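These protein sequence lines map, in sequence, to chains A, B, C and D.
Taking the working numbering, the leading residue of the first sequence gets 163, the next gets one more, and so forth.
Taking the working numbering, the leading residue of the second sequence gets 163, the next gets one more, and so forth.
Taking the working numbering, the leading residue of the third sequence gets -10, the next gets one more, and so forth.
Taking the working numbering, the leading residue of the fourth sequence gets -10, the next gets one more, and so forth.
No wet-lab data here; the hints were simulated from the structure.
Among the hints, erroneous ones may be present.
[Stated by the list, open to error] Which chain D residues stay away from chain C? Per the calculated CB distances, all over 10 Å, these:
#1 H35
#2 L40
#3 R230
#4 G249
#5 R282
#6 E326
[Stated by the list, open to error] Derived SDA-like pairs: lysine to any residue, alpha-carbon spacing no greater than 25 Å straight-line:
#7 K32/D to V414/A
#8 K238/A to R372/A
#9 K7/C to P260/C
#10 K235/A to P381/A
#11 K235/B to R216/B
#12 K193/A to K238/A
#13 K235/B to P260/C
#14 K238/A to F185/D
#15 K187/B to V259/C
#16 K37/D to K353/A
#17 K235/B to P374/B
#18 K32/C to R372/B
#19 K391/A to S331/C
#20 K353/A to G369/A
#21 K270/C to D213/C
#22 K7/C to E283/C
#23 K32/C to V259/C
#24 K391/A to V321/C
#25 K304/D to S121/D
#26 K187/B to Y258/C
#27 K32/D to T501/A
#28 K7/C to R279/C
#29 K304/D to G34/D
#30 K187/A to G34/D
#31 K235/A to R282/D
#32 K391/B to R357/B
#33 K238/B to K270/C
#34 K238/B to D254/C
#35 K193/A to E257/D
[Claimed, not checked] Here are the in silico distance ranges between beta carbons for each label pair:
#36 D25/C to Y385/B: 50 to 60 Å
#37 D217/A to S289/C: 40 to 50 Å
#38 D359/B to E307/D: 35 to 45 Å
#39 S289/D to K187/A: 55 to 65 Å
#40 D62/C to G218/A: 46 to 56 Å
As the structure is a prediction and not an experimental result, all values here were calculated from the model.
Even for Gly, the Cβ is constructed at its ideal location relative to N, Cα and C.
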Amino acid sequence: MSFNFSAPATEDTEADSAPVVTIDKPEHVTKTERGEPVTFLEAIAEALFEEMVRDGHVFLLGEDIGVYGGAFKVTKGFIDHFGSERIIDTPISEAGFTGAAAGAAHMGLRPVVEMQFMDFISPAYDVITNYIATSLYRGSGPMPVVIRGPVGGGNRGGPFHSQNVEMAFFHTPGLKIVYPSTPYDAKGLLKAAIRDDDPVIFEEHKGLYRAPQLREVLPTEDYVVPLGKARQVREGSDITLVTYGMMVHRSVEAASTLQGEDGVSVEILDLRTLLPLDDEAIMDSVRRTGRLLVVHEDTRTGGIAGEIAMRVNEQAFEFLDAPILRVAAIDAPVPYAGTLEDYFLPQTHDVVTALRYLARY
Amino acid sequence: MSFNFSAPATEDTEADSAPVVTIDKPEHVTKTERGEPVTFLEAIAEALFEEMVRDGHVFLLGEDIGVYGGAFKVTKGFIDHFGSERIIDTPISEAGFTGAAAGAAHMGLRPVVEMQFMDFISPAYDVITNYIATSLYRGSGPMPVVIRGPVGGGNRGGPFHSQNVEMAFFHTPGLKIVYPSTPYDAKGLLKAAIRDDDPVIFEEHKGLYRAPQLREVLPTEDYVVPLGKARQVREGSDITLVTYGMMVHRSVEAASTLQGEDGVSVEILDLRTLLPLDDEAIMDSVRRTGRLLVVHEDTRTGGIAGEIAMRVNEQAFEFLDAPILRVAAIDAPVPYAGTLEDYFLPQTHDVVTALRYLARY
Amino acid sequence: MNDPARADGPRLAADLGKSDLLELYEYMALARAAEDRLEIMLKQGHVKGGLYRSLGQEAVGVGSAFALDRRVDGTGDMIAQTVRTTGAIFLMGGTPLQYFRQYLARSTGPTRGREANVHWCDFRKGLLGPVSPLGTMTQVMAGITLVFKQTGQPRVGLAYAGDGQTSTGAWHEGLNFAAVRRCPFVAIVQSNKYAFSTPIRLQTRLASFTGKAAGYGIESRSVDGNDVLEVFEATRDAVARARDGGGVTLIEARTYRRLGHAQHDAQEYVPREEIEEWERKDPIGRFRERMVREGWALESELDALDVAARERCEKDAERAIQEPAPDAEEAVQRVYEGLITSVPWTRLPEPTPRGAAI
Amino acid sequence: MNDPARADGPRLAADLGKSDLLELYEYMALARAAEDRLEIMLKQGHVKGGLYRSLGQEAVGVGSAFALDRRVDGTGDMIAQTVRTTGAIFLMGGTPLQYFRQYLARSTGPTRGREANVHWCDFRKGLLGPVSPLGTMTQVMAGITLVFKQTGQPRVGLAYAGDGQTSTGAWHEGLNFAAVRRCPFVAIVQSNKYAFSTPIRLQTRLASFTGKAAGYGIESRSVDGNDVLEVFEATRDAVARARDGGGVTLIEARTYRRLGHAQHDAQEYVPREEIEEWERKDPIGRFRERMVREGWALESELDALDVAARERCEKDAERAIQEPAPDAEEAVQRVYEGLITSVPWTRLPEPTPRGAAI
Ligand SMILES: Cc1ncc(C[n+]2csc(CCOP(=O)(O)OP(=O)(O)O)c2C)c(N)n1
Ligand SMILES: Cc1ncc(C[n+]2csc(CCOP(=O)(O)OP(=O)(O)O)c2C)c(N)n1
Ligand SMILES: [Mg+2]
Ligand SMILES: [Mg+2]
């Protein structure tokens, strides 16, 4: 079935109604076509915009994503371009609008849900794990729903504006989880996620959104980065470091230090997709280096390092020359004060220390 | 502050109101004092009843726990004994009454929440992880809340009456998670959980509730089983098997087979408390045997085996003579049909196969 | 009865003709016959897990679904069914055979044995099967009807809930979403006195669930849920309003759950007289009596429908009983599109943990 | 004003005497002064993260909290505060110094730097601090007031929510629980036209939030939220009803958020005239004018209160600024009672992963 969105809603629900596809593109999604470098945030905005243009089935739901453009302004101007039936400002009801997205997916649409902060995905935990994740298995059809939003600490956001949510969903078969670390990947992975027929949780680290040093010029042609494939960030022969998100950048710093000061060669894999895990890439590397460090910003106990350690035991134990180790946040809620939060989060010096320990092992 | 519950509620809210503490004890909580063996379910009922008698701050909330006595009849007759202000039949609102329990805990009470099936804890995921688990850390005081209910598969309950919920909460610092496997432990751990000042998720496997072979005579005096301590179910020298819940019993069967048919000696640890993990007991055993199998009924990816594997790497890698391995349910929702569910769940023969593999490694 | 205007013969009641009235009766009888037959299968050991009946509530599902534009090509109205609306499932085009296969977890069933009771979808017939967590389906149906509106399809969605479900945050968020977006949505609350064992007064302080509508700024109506024509008329109006862009209506259908929550509930918390009182208000008996009294049908015509329903269910039940369970190995399929979940390594021909990899 | 009957002098308005009226003014002025001072600290770089103001809404918090039995020994009424009820926090006994320390994440602050803005509790003063996920506090306060009822304590709980929060399932479940149990609970909805940028019409179809009360079978009242006396009177009635066992009341306080959601919101979605219109309805200005006009107080008396508020805030702000941040290592403490979370092994004097064990 093919859909055409009808004219803007009647006035009694939407004073925001705007003519459909007549207003110019918002400026922040035009950088790539103008050959300019984009930030992580702009890459995401471009992916959303381009997918909405490419496929009339794609639409967005979330709090304040319309006229305001979302808490981080990712969708600024979208409502003028696509109208208020494709950019839906929702009541504050994460479960309700995520459930509604599931219904829309049943009808053949491809909803992209924004959580204002990913911390607020938790009221939707039930509908995501029990309904969305299980739909295909239960025989109720595919669930091409993407749930995206800002995650991560370091911004003095306190316990409810700083969480990483991957491990809330990692244990749920049927979901995919994506967590990019660069503008290129963010755009390509988000496009892949939108085109994927499985539900995808898509995490965007706030600390990357506008980081100027990450800006890069992206291909002008359409591209996707396939889900489920890790990226080799740096080749190395002595230690494998598996990480993702913000920690990719800290790990690169640490690896440079090790190379420069210790002459130790660290290979870095950016997982990009956390579920399903790219076992092959991890095993390949571990079989070559014999040493593995997992670094994640999320808290320690029950973090993804455990699953990776288990799989390496299952698939590459004989190649290990040292214990698999991890660097992670401490087991606590995310504290607000700068002193506390910096202590809470894994820092570059932690990675350096862990790598040195492994190198000497 | 000390509390006395007031007289039964006024009629306009509660036609169920009953005189307080005048009605006899329900029959199923009198077995131990009569020297009779109790089932797993009766052990839990006794723990609840005795704690309510011992401490006037303890009260219960949940769906259908009053006149009906709960879906599994754990609290049958309690409302006649304790009245409808201490046995509260709630509206269908897991988040609402769990949040209310948190409020009651702030006021010095010790609420015990029943989830009709633990699968329905998911709408309360937000309030448990964000509010209850973080209260102490945020400076809002202790949270002596127990959330208990039936879990586990094998009963043809389908995807929403069969789940294990430990991994939904294992990644949340501030929570404790308990999962007993015998009547003795169930009673002692539930008492410990109720007396503990931290919030506890307490999982009760439906398949154990009325299993006749588990019935045992319990001490007539008050006892607790401390949280955080694993139990050595069986001594052994060749392989350590770490497990909990229903899988303790399958593991014992498998270990007997190994002993009898292969002459391999398997040590079994029943974790009992999943969070915090009893690292010491695990490491002690692994250091002696050099081989570790983790068996859990819960699904594979992101299961607790991963965290255990990671910790053994961190703390006892040098002692490993073989890879850490696991036996778990397949990565899928719990299917309804018997054929599918039996295939989905880890079976005794899986444990036997895994133990043999490790023994020969 | 997709279009009353096309019905043959004179309008007898509620703007319906004789064939319509007979159809209403037929589907109530079919629902009852199917559930009766299922109960036998439970006692015979063919059904595992819970068995939930709509006994005494048949008029709600049948009367309301009859007001929908029912099609089998995926372009009609939709319902979010529950275990208390067996008749609506059949009226939409679901069959007793599908129903039995599902309850018996057969490989031929609509979910190939993966899910239980009425938890199955058939989008072509407009059937949205539920999950257990209560309230979810109101959210999902809100999204479905959002799409009807977004894309200008003249379709309506109807979601059933029990009295107990209205206490859930999920229901609140779903209904509010539909109300704010003015989705073509009809919410029916089957107020049947209990949620499992919990009486309504411990669920809400309201005397009537129409009071809930006031909280969402939507239309509402309370009907005698044991009068199939009253249910039909109220739903027809609500559906027409929804299709015309008038937004959401909440209909309270006052009825009674004459059996326990499920087969394993002995209903000890219910006074015997209460059940007897409602036996006298049986929706099928009442409608039969009225049809005969008003001369809309002959006893013999209705008897024939009863017999046909029972025979059909008997035949379909026997067939379903003979059919096979799903193959065990299917358990690993369709967790993801195009990915196969790994088979446990301990079951590989040559067990090795490396086989555990995806 | 714990007991109006004991106030000195004649009753001037709303059964209040002069000292009461001055106190109402004083706390509105204090709330405004504290927030003004905080804004300066934000610009100076002392405050990290969001800054949320109650500018133009001061009458709601102050008028309502004034109706409570306020004590500092843990036996009085309680409020679940929000960032829009700064005045209520102060009236209950919270101090500007605590408020600044918290916003500045000082080790001396009520959460020792673990939490932000008004997210702090002081149960002795009846302060229940929120978490961010909206709706939670209505559930928690439902439980607190449940205990008041269970244990026969003559105490009342008041929870504030915004218009947007009423859309959450959490709020629905919490309020319904309190309603069904007839808890001594007062729910105040601060209807301030927006939830972040979302106007009320995209949040609910209701014209007035009193419509929500109908969905729970509870009492309700709508008041001019910029009239501190009207807020006070409505709350006083609701509190008295709650204390008498009359259950829950929902009060809609109609007001306006004159600044952005937080400091970083430039409010571009709001017509300039709308803000100007509400500037003219400023609750402090209106109350001042009325007090002078009616002869309840002299301009000079009110000026003195303004000055005192500003001076107090100035002093407290300077003090808070000087105070230290918490020690980094405190981050591992009090995750559990009596257990210390492990320090990262990479920070041990001799780093070894074995040190990672709990
Ligand atoms: C969120 C959630 N909590 C608890 C349950 C368990 N449960 C299943 S049906 C039911 C009672 C439902 O009552 P009601 O909504 O009145 O529907 P009825 O069965 O009376 O038609 C309960 C508590 C559930 N399915 N979902
Ligand atoms: C569950 C949840 N979703 C989203 C948010 C983000 N958020 C914080 S405040 C706010 C708007 C609240 O509006 P309202 O309830 O009207 O209160 P006001 O700020 O107007 O006083 C939002 C969306 C949140 N805190 N919690
Ligand atoms: Mg009911
Ligand atoms: Mg607001």
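Here is what the structure says about each hint:
1. H35: holds, 38 Å
2. L40: holds, 29 Å
3. R230: holds, 14 Å
4. G249: Given a closest Cβ separation of 23 Å, the condition holds.
5. R282: Consistent with the label, R282/D stays out of reach of chain C, its closest Cβ about 39 Å off (over 10 Å).
6. E326: holds, 30 Å
7. K32/D to V414/A: Roughly 34 Å between the alpha carbons, so the hint for K32/D and V414/A is violated.
8. K238/A to R372/A: holds, 15 Å
9. K7/C to P260/C: Violated, at about 39 Å.
10. K235/A to P381/A: Holds, at roughly 23 Å.
11. K235/B to R216/B: holds, 22 Å
12. K193/A to K238/A: The hint holds at about 14 Å.
13. K235/B to P260/C: Given that 25 Å is the threshold and the Cα spacing comes to 20 Å, the pair holds.
14. K238/A to F185/D: holds, 15 Å
15. K187/B to V259/C: Roughly 23 Å separates the two Cα atoms, so the pair holds.
16. K37/D to K353/A: Measuring from Cα to Cα gives roughly 34 Å; hence the hint is violated.
17. K235/B to P374/B: Distance ~17 Å between K235/B and P374/B Cα, so the pair holds.
18. K32/C to R372/B: Holds, because 21 Å separates the two Cα atoms, which is no more than 25 Å.
19. K391/A to S331/C: holds, 18 Å
20. K353/A to G369/A: holds, 21 Å
21. K270/C to D213/C: holds, 10 Å
22. K7/C to E283/C: holds, 11 Å
23. K32/C to V259/C: holds, 23 Å
24. K391/A to V321/C: Status holds; Cα separation ~22 Å.
25. K304/D to S121/D: Distance ~30 Å between K304/D and S121/D Cα, so the pair is violated.
26. K187/B to Y258/C: holds, 19 Å
27. K32/D to T501/A: OK: K32/D and T501/A at ~20 Å, within 25 Å.
28. K7/C to R279/C: holds, 13 Å
29. K304/D to G34/D: holds, 18 Å
30. K187/A to G34/D: Judged against 25 Å, a Cα distance of about 36 Å means the pair is violated.
31. K235/A to R282/D: Violated: K235/A and R282/D sit about 47 Å apart, past 25 Å.
32. K391/B to R357/B: holds, 16 Å
33. K238/B to K270/C: Answer violated: K238/B to K270/C is near 32 Å, above 25 Å.
34. K238/B to D254/C: Holds, because 14 Å separates the two Cα atoms, which is no more than 25 Å.
35. K193/A to E257/D: Status holds; Cα separation ~24 Å.
36. D25/C to Y385/B: 50 to 60 Å: holds, 51 Å
37. D217/A to S289/C: 40 to 50 Å: violated, 58 Å
38. D359/B to E307/D: 35 to 45 Å: holds, 38 Å
39. S289/D to K187/A: 55 to 65 Å: At roughly 59 Å between Cβ atoms, K187/A and S289/D fall inside 55 to 65 Å, so the hint holds.
40. D62/C to G218/A: 46 to 56 Å: violated, 22 Å
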